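Trainee: Based on these hints, arrange chain G on the given structure of chain Y.
Going down the list, the protein sequences come from chains Y and G. Going from the first sequence to my numbering is simple: count from 1 and add 11. Going from the second sequence to my numbering is simple: count from 1 and add 11.
Among the hints, erroneous ones may be present.
As the list claims (entries may be wrong) - Listed below are the simulated DMTMM-like cross-link pairs for lysine to aspartate or glutamate, each with C-alpha atoms no more than 25 angstroms apart in a straight line:
id: 1; chain 1: G; residue 1: Lys-85; chain 2: Y; residue 2: Glu-144
id: 2; chain 1: Y; residue 1: Lys-134; chain 2: Y; residue 2: Asp-39
id: 3; chain 1: G; residue 1: Lys-134; chain 2: Y; residue 2: Asp-130
id: 4; chain 1: Y; residue 1: Lys-79; chain 2: Y; residue 2: Glu-45
Please keep in mind that the hints were generated in silico from the structure rather than gathered at the bench. Model, not experiment: these values are computed from the prediction.
There are 2 protein chains.
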Amino acid sequence: MNWSAGGACSTLDRMSSFVHQRHKSPLDQPGARELVLACPPMRSNVNLSRIVRTAGCCGVQRMIVGGKPKIDRKVARDAIDQVQIDFHRTLPPVLRKLKADGYELVGLEQTTGSQCLCDFRFKLRTVMVIGHERLGITEDVLKLLDHVVEIPVYGVPHSHNAATAAAMAMYEYCRQHGTGV
Amino acid sequence: MNWSAGGACSTLDRMSSFVHQRHKSPLDQPGARELVLACPPMRSNVNLSRIVRTAGCCGVQRMIVGGKPKIDRKVARDAIDQVQIDFHRTLPPVLRKLKADGYELVGLEQTTGSQCLCDFRFKLRTVMVIGHERLGITEDVLKLLDHVVEIPVYGVPHSHNAATAAAMAMYEYCRQHGTGV
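Looking at chain Y on its own, in the form it has when it is part of the complex (with noise of 0.2 angstroms):
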């Protein structure tokens, strides 16, 4: 290759100045992440299971799950191995006892009262309550909650995937706090 001043420049233009780096190392976290996911019984397990895959690779280590769903390891793949999953009856008693032990609950939905998404300044102890893909939130466990934040929307159709908006909302959250500290 004629790096000479001549010939740099065309050269240059024939190469991309970007060389992947696929599936570099994750970035160090010093602690554990203190976001905790709670899901209800979901519809379906694949969405369950892209939640699971999404939180692992946000840093999360502990998730909430209603009724005993089968994660999907070719979904969710070595997250499963990573996050926590603690399996509830219901999630009321273990959201009650995480709000004890100093947790904010933030539930993604749209309410009465519910805040932007993008505006919302998340606690680094918060508990993420996703809804159920055609029910959301239940009434027992909405009114447990903290806050409610909405994703907004500028189209059809009017509401995101549930693990699509459970994948922006840990985003914003890791947008925030980083790597946590």
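Mentor: Coordinates of chain G only, in the frame set by chain Y:
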């Protein structure tokens, strides 16, 4: 219901202050969203269809798609009717044309020189270029890009699903540009 001073508090304690308002009307967007999504031939039509749904929710009106894949209406929902999807045998010619029309080409990938999605400032006229699930963005497309952004990863697996990553990037674009004015 008793709203007298004595009863109000205990009544409120048992009620949720958040009441469902699911599937709200989308936010008014005065003009067309100036974000274009570009997807290569993907491995999974479900991933592509999920991207179409998210694009619809984000008010995106145009996608450039490599190959002639089938979009699954059950996944994409009525976004399939809102988003104009242009199919192309290969992406570079249409990307060059969009660049000439003033669009900035931003790839979503882990590369040398890639910037953190959280810090990157999207121009209004942006083509967001997604990569293939396994292979990422191909070399012929990489060398056309103005910027590459990557999503920080804090755990395993070491990369997000392609449709999840696209959703996070679309969320970040919308967070910065709101209704696009």
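Trainee: All the hints need checking, so say for each whether the structure fits it.
Mentor: Hint by hint, here is what the structure shows:
no.: 1; hint: G:Lys-85 - Y:Glu-144; verdict: holds (14 angstroms)
no.: 2; hint: Y:Lys-134 - Y:Asp-39; verdict: holds (20 angstroms)
no.: 3; hint: G:Lys-134 - Y:Asp-130; verdict: holds (21 angstroms)
no.: 4; hint: Y:Lys-79 - Y:Glu-45; verdict: holds (24 angstroms)
In summary, this structure violates none of the numbered hints.
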